[in-house]
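K.L.:
So the sequences go chain by chain: A and B.
Heads up: the first sequence runs through residues 4 to 633, numbered per our numbering.
Heads up: the second sequence runs through residues 32 to 133, numbered per our numbering.
Please keep in mind that the hints were generated in silico from the structure rather than gathered at the bench.
Do not take every clue at face value.
Residues of chain A placed beyond 12 Å of chain B at every Cβ, according to the derived structure [claimed, not checked]:
#1 Thr366
#2 Arg377
#3 Ile425
#4 Lys544
#5 Gly609
#6 Gln612
#7 Gly615
One side only, chain A facing chain B, incomplete, derived with CB under 8 Å [to be verified]:
#8 Leu551
#9 Ser608
#10 Gln610
Where a beta carbon is used, it is the ideal one built from N, C-alpha and C, also for glycine.
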Amino acid sequence: MPSELVWLIFLLPLFSFVIISLFFRPFLNNRPKLGGYITIAALLGSLGLSIWALFEVMAAPGHSIPIPDINWVVIEGGLTIHLGLILDSLTAVMLLVVIIVSLMVQIYSQGYMKGDPGYHRYYAFMSLFTASMLGLVLADNLLFVYVFWEMVGLCSYLLIGFWFHRPEAANAAKKAFIVTRLGDFGFLAAILLLYFNTGTFDIGQLNTLAAGGALAGTVLTWAAIGIFAGAAGKSAQFPLHVWLPDAMEGPTPVSALIHAATMVAAGVFLVARTFPLFAHSMEAMTTVAVIGGFTAIFAATMGLVMTDIKRVLAYSTISQLGYMMLGLGTGGVAIGIFHLFNHAFFKALLFLGAGSVNHATGTFDMRRMGGLRRFMPWTYATFLIASISIAGIWPLAGFWSKDEILVSALQAQPILFYLAMITVFMTAFYMFRVVFMTFGGDYRGGEEGHGKPHESPAVMVMPMVVLAILAVVSGFWNVTGQFGALFGHGHTQGFAEGFFGILTHALPWISLILAGLGILLAYAIYSARWLSAERIGAMFKPLYTLFLRKYWLDELYEQVIVRLVLLKGLFAAFQAVDSYGVDGAVNGLAKGVMASGKAIRRAHSGQLQLYGLFIGIGIIVILACFYLFG
Amino acid sequence: MVGLEHYLILSAVLFSIGLYGALAKRNAIIILMSIELMLNAVNIAMVAFSRYIVPLMLTGQVFAIFIMVVAAAEVAVGLAIIIAIYRHRETIDATKIDLMKW
């Protein structure tokens, strides 16, 4: 495969961004469909190229194809920064995920965003996002990765705040940008630390150095933790997870693409990309596993009580990203990325389903939905498939990747394994709570004045069907361990024995039973009403309040950390240093000069006789000096 | 026997009195007189040096005559300035003539 074509994979969406923003939006604003068409066409081109790339990578020795570099910045005798691409199994898989999900979302958006005055702007940003995300996946040095990393962050900001006239959306966009920036600081520090210690930004070289032991010890640990800080910001891991639920203010297809399938997975991808750095530092691996495992259960608890369908899905995303981190921290690249691969499809589908439901009812509040299975059978069927998949029911995609993470957690970090098992139960519960509240029972009216719910148009249903198929079959890739083999990964116990072989082990049964119990409980409460949700909520009132208020973390961050510690403490201290220290020194210097001038000018009385006296004294002093010191 | 040093001491005393007067007195005319005093102290010193060190040459005496001429001219100019100031400001107090202040 010629290397120009690899460049084209991410340049195609970039071209579509340029064309939409430079030509379509200014000149053809009355023909909104064009923006969607060109984006979809560019993505189809990228899809073809990336499938080609995947087959090439599968056939290539070592599953990696070298691509010649371009010198980007050359400083004679100093630094040379290459602009290069990497094409290995990780990249190929990520390309496929990003492009398929993006393509489906763009098709879906044609229906969902229909009639929006910002249609061209929407597609311009979506194209730019896809291009940046593909660039991030393809980049072969950390600097280049960082550029794209910030670009996806920027697109996320622009798209969360797409309806910027709504203050919640504008605030959510700012929150997302600022919170992820905290993590990015760690990432940047890690890049600089690595550069000063090794003199290279190249990921391949860094990985070789770490694997060879040349890069080790404290430097490696801190670099890995710095990179993980960036990853935790992007992937909404505790304690930087607070931006993701608020990011749901953006249009729903944006949530599906950016905040479910791709950008939030960029953190997981980054850890996978620099995995040798983590693998050779026990502390870094443990950090990743613990943060991931904790986030998984932590976010799941909040997902249990939310009533906004998108927020449940947002917490579910955080929880699943925690699983991926746990998989990376305990198992390896293949295990974490396999879950990323499966999760992208079913979570994007869940979000598109939520968008479809919103399209029908005009609300995201599940308390106002209900009974939608009769009105929108396609949405119901696809949503149900995705829910079964995420709950980890055999043989859908979620089962294969989640149970593999559970196995590797059991082997490496037993405590986290038990937490993950509880999370399996919670995941099944909150997903089926959504299913029963949204689609079961009787219709509860939706948004006032929205009219009768209806199935979404074909242009929205079709991508959901495609993703539903993928949510069923994407897991089969690793049924006999081929996905792991692509990453040069050994077989995880029980995960290469084929479709039914897996069921000869005890662990999958335990997780299946837990998931089944979760579904049963959701059925008992929200469908059959054997148990009253209100009664249970009242019974566990402290816990319920804790979950519903999101552990008061938003309040902690905003009131305590931002307002008290930062604004009143740190920033006030900086302000004091600035106004009293820095300004004081400058002003003091000026005032001192003026005061001394005022004092000295008293001597200039205009009395010539006095001047004469001073001249005389001066002469005497000079003579005395000559006499005394020769 | 009156020697060179006596003349020099007289000269130094006269010079000091003149210097004190020039620096400390307020009346511009007295300042002018004090300056004359200093010039005449120099004259005495010149003549004394000439008389005691090179008695056959009259260099010091010639210098003294020059100084007297210059002093006369200076007094003429100085008194004119003082008169001009008096006409202008109704005072010849040197401490009040402080236009060079600041």
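K.L.:
Say whether it holds or is violated: A:Ile425 keeps its Cβ farther than 12 Å from all Cβ of chain B.
P.N.:
holds (86 Å)
K.L.:
Please settle this one: A:Arg377 was flagged as non-interface, so is its CB more than 12 Å from every CB on chain B?
P.N.:
holds (97 Å)
K.L.:
Please check whether the beta-carbon of A:Thr366 is more than 12 Å away from every beta-carbon in chain B.
P.N.:
holds (80 Å)
K.L.:
A:Gly615 clear of chain B by more than 12 Å, beta carbon to beta carbon?
P.N.:
violated (5 Å)
K.L.:
With chain B as the partner, please determine if A:Leu551 meets the hint condition of a C-beta pair closer than 8 Å.
P.N.:
violated (76 Å)
K.L.:
A:Lys544 clear of chain B by more than 12 Å, beta carbon to beta carbon?
P.N.:
holds (81 Å)
K.L.:
Non-interface claim for A:Gln612: all C-beta distances to chain B beyond 12 Å?
P.N.:
Given a closest Cβ separation of 5 Å, the condition is violated.
K.L.:
Min Cβ distance, A:Gln610 to chain B: is it shorter than 8 Å?
P.N.:
holds (6 Å)
K.L.:
Compute the least Cβ-Cβ separation between A:Gly609 and chain B, then decide whether it is above 12 Å.
P.N.:
violated (3 Å)
K.L.:
For the restraint on A:Ser608, tell me whether the closest CB of chain B is nearer than 8 Å.
P.N.:
With Cβ-Cβ at 6 Å, under 8 Å, it holds.
Of the hints listed earlier, those the structure fails to meet are numbers 5, 6, 7, 8, in rising order.
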